[in-house]
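Trainee: Line by line, the protein sequences give chains R and L. So the first sequence is numbered by our numbering: it starts at 1 and just counts up by one. So the second sequence is numbered by our numbering: it starts at 1 and just counts up by one.
Accuracy of the hints is not assured; some may be wrong.
Stated by the list, open to error - Computed spacing ranges between beta-carbons, pair by pair:
1. Ser-98(L) to Val-148(R): 24 to 30 Å
2. Asp-253(L) to Val-80(R): 33 to 39 Å
3. Arg-122(L) to Arg-137(R): 55 to 61 Å
What the hints contain is simulated information worked out from the structure, not anything from laboratory work. Here a beta-carbon is modelled for each residue, glycine too, at the ideal position from N, C-alpha and C.
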Amino acid sequence: MKLIKKQIPFAIVFVFGMLTLVSYYVPHPRSVAFLDTVSQWENIVSSFAFLLGLFSLFYTHYAKIKRKGDGWGYSLFVFVGFLAVVVPAVISHGRQMSGADMTPLGWSFRYIYNTLLATMFAVLAFYIVSTAYRSFRIKSMQAMVLFVAALILILGRVPIGEILWSKVLGWTGHSLSGLMNWIVDVPSVAGKRGIMIGIAVGAVVTSLKIVFGIERQYLGKD
Amino acid sequence: MKNNRLVCALFAFLLAAAPVLAARPAGHAKPVSKPAAKASPAPRTVGLTAEDMPYDVGGALLLRWPVNPADDSGTSYRVYVSSRGKGGWLQGAEFPASANKGTDIDLPFWAWDGSASEHALRLDLNGLFGDASPGTVYRVKVSVLQNGTEVSESEVKTARAYGNWFRLDRLNNLVMLIIIVIVFFVAVSHAKRKGLFIRRIAGLDAIDEAIGRATEMGKPIYYVPGIGDMTLVSTIASTFILGEVSKKVAQYDSFIKVPHYDPIVMTVCKEVVKQSYLEAGRPDSYRDDINQFISQDQFSYAASIDGMITREKPAACFFMGYFMAESLLLSEVGAASGAIQIAGTDIEYQLPFFFTSCDYTLIGEELYAAGAYLSKEPMLLSALKVQDFGKLVVMLGVSIGLALVLLGQWQHWHSLVNFVTDIFKAN
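The following block holds chain L by itself, in its conformation from the complex (with noise of 0.2 Å):
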């Protein structure tokens, strides 16, 4: 409970200094519009401001200038701008007076502050001079052009471009970490306490067996973790599978093969194994080859692999981890071969291979589930609890944010949409 208002109360103080901190700079006052005068044919001027470009890394600026009623189809705006003193104006953008608003800004409400009655124009400034180094002093002018030709030109501004130190604009993801994070603390120290009901996983619950199955009939377990390296989420969580599954191996006195596509994996994987073989206490059946370098190429990886399950005859084969469209090559082969198989990835448009041509598939998450699982340490199971919580926070998150989004559009509270659309929006 205590927790709950924490996070509330959190949320809420992020959300009310989100327009403090999303203030521009001093001394960048707000563009006034200025009554024009209507159809004037006399040059006019604009209310020009440049700015660093918020929450990024420093290679564009902000321009604002308010829209002119005078304005008509005919109307159209040159920005030029320049990294010296004097001269060397370069043309940065051109654009009809209908374009580039202030609402076009693709920022969310708590960043930004734009609306419909002023330009504004992220200018970018490593497109124009290469590698735009900080600190430079840039010269920015506006021209207004009518029918192509230039009536009037804004007075001359200038601005730095520099790196910021905060995503403003990722405030939301932010707190959906900070909550995510808070949950996960709490879930550990829950487990440490008490037990947790985890639900049974069929894939996972058949390791057993197929292990089993490779005993009675004496022959190897293909343990193939994939084309990824070390970086995905995927091959660490293979790599965790993996400990529990030759553990097994050696607690069963059977024999694992796995072989690799990256060395990085291969050698995090022989630790695992070796690891593994000392906890089932059967250090003398470790061997060195267990763990072998294949290839770093993805057809002859295959192509090798699929050569081994057809001369060897597997009883099992677990595919773990980031597979690409090997994942059929080897799958169908290991199915032609009898082998009983296992297969986990979080590639989604490979899962319907996997589906089709083994016995277990592990979606998505219940690969990263899958070592915890194995496991059954308390402090690991309490993760998955926190994955069921974020996924509870995603489906109210999408049910609430269906129902206010479909209410604004009926009621044309666009207001109301644009807000939950920023608070759900990935930037």
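Bound-form chain R, shown alone (with noise of 0.2 Å):
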């Protein structure tokens, strides 16, 4: 049990694991050949366990609404919304248009699921007026950096920034969308990096725990 549960599958990973750190070493044809045959198969996992998915997604909601639990409501409209997208797919045989004529797929596609997605896109928005309006409750001294630089920002990219800046600090020879220009490009691009630097290091090692065995726990236990 302990072979096929553990030692088969850790075999799989570094094999794996070595072979594709190997292939970035290696430009040799084979090599490419390699990696396009294992990006294949996992092409072809990923549309089987889809299936797995959409079983997992109507089992659930089929049994909310059996026990008509909290909202069983919505669950019906995981089944509506699925229906109204592939009874039309089947009917206009996967095509969106037919010759110059939209097909029932392309219809709910164009006005339901383009519109939807948004609707959803355009809540943004609202979201970042109120995440920001959150942010600029000065309670420290970082949060007050914050503000000034989102202030600068702001009133950068607005005609009437420029306007007040003139007016106010023009006396110093500096325009505030060249202050932008700066804030953007030193302090935020050097903060950045320094993320980008440690992601990079933490991958690297998090990578090595996995391909050497060190993390095991997606294998569960013994």
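With the hints in hand, could you dock these two chains into one complex?
Mentor: The structure is reproduced here in structure tokens:
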């Protein structure tokens, strides 16, 4: 049992981890072909796993409807939404356009799916305002720095900011857009790079932990 | 001490061996400059050599010929290539005589010895012939143009492009990797012998508080692993954290929900959560619907989770893994519902959104460290020391490299500047 649950999966992880690592330093066509093959395997596994996900989704919502759990009415929309796309797709043979005409599938995509996506994305604007309001409450020195930097960036993006700047601080010889660009290009990039270096080192170490079998939690216990 | 010496010796050996490894294949002697007749109207020839472009997959040729001192602003070169035995010439490139010098080839000093006294051109065959089949013999020639008129042509050279077995230009990367692997094993063996001090991470210490709060309130905990797949380190790190969080949830007899974007991640997380419930001695509390698939569409996924958070008002929300635009959509709804929120991602431009809307945020590498930190296993904790060592190396590298480049620029030591930038370059 240990062989099947632990040793064979670990051997697969080690071999494929090392081969993938080595292929970074080997530009030979065989190395490229290996990476392509692994990528294809991944796609095949993903396709089958999607069926598993779909089954899980239907099972969860079916169980909720069956036991009349809280908000079970929303679960009905999972099936309604599924049918609203799958039935037109079958009728339209998977095509969104038939010549110059829109098929039922194309109609459902344009007027249901895309509209809902655009709505969700548009909601982001309101969330940005509410989160900005929360973060601009000055409670500490760091919050003060954040507020000042954000204020400069906000004012730098609108004409009135430049007008105000030239009237009040024009004598300094610097422009608001110049200051805004400096904040974006220097301290902001420096901070980002610091985070990125930490992430890169962390990713290397995490990969080594997995490839060399130090971290085996994903394999479960013996 | 012994290891340090070993690492230094290895690095010195690799650098010393580099010029030998980088040597051009036999039979391709470095072109020798010929004295050119000054401003001679007579047809000029070029000492052309053609060979496989080193360190690539095999789709390019490297052409070199000496710079002619008589070339002026009106001189240009046109390169022809053919895959046939006779005729079939295609124009591969055309450029002025001042361009494509040996120093323009973007390879580090240990892999390339080009000079400004020669022309060097990487001729991409895939762009000309589609997928260039390996082993095909190509014929190349170079024409010299004076004010747009061909005045001479080089002799025809043949060469084959083939796949190489080693990216010598990535030697610096390999050396760095070897050093990190050595330090990794030293740290692991050290961890077996005695304990390691690990600094506290506030976001992870707050996990107990969040789960305790959920238990007291009798409300669920949401753990969102993001929209990444299992090939991403952040998603893998998220599954490690989920293991520790769900173990605590099982111990406290609280309830956790894990909505998924990727079915493979869901399958892995099912095993992880089931294992955690077993380890906590509460296998009876495990339910299959703890992990549920939502959607493989980013905004559908976010909308669905937003709906669940709004209706169920969870006591705690964890957002750990790979997030894009949905980061704020999720965390802002969680904040509005009054949940204690802990987030972690390695996508640096999503971090500000989590900072502003969550109580605690794990920044990049802290996400990777979280699983080890929570499990407190010495072997896993030792990896955190390696992360710190890596950062130390980067800090020293940046400081020393910066000082050397500044010195080189100040004193006009261009070879020093090139040396330092090549050493730290990611090829």
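Trainee: Now, for every hint given, state plainly whether the structure supports it.
Mentor: We went through each hint and held it up to the structure:
no. : hint                                 : in the structure
1   : Ser-98(L) to Val-148(R): 24 to 30 Å  : 49 Å, violated
2   : Asp-253(L) to Val-80(R): 33 to 39 Å  : 36 Å, holds
3   : Arg-122(L) to Arg-137(R): 55 to 61 Å : 56 Å, holds
Comparing the model with each numbered hint stated earlier shows that hint 1 is the single one that does not hold.
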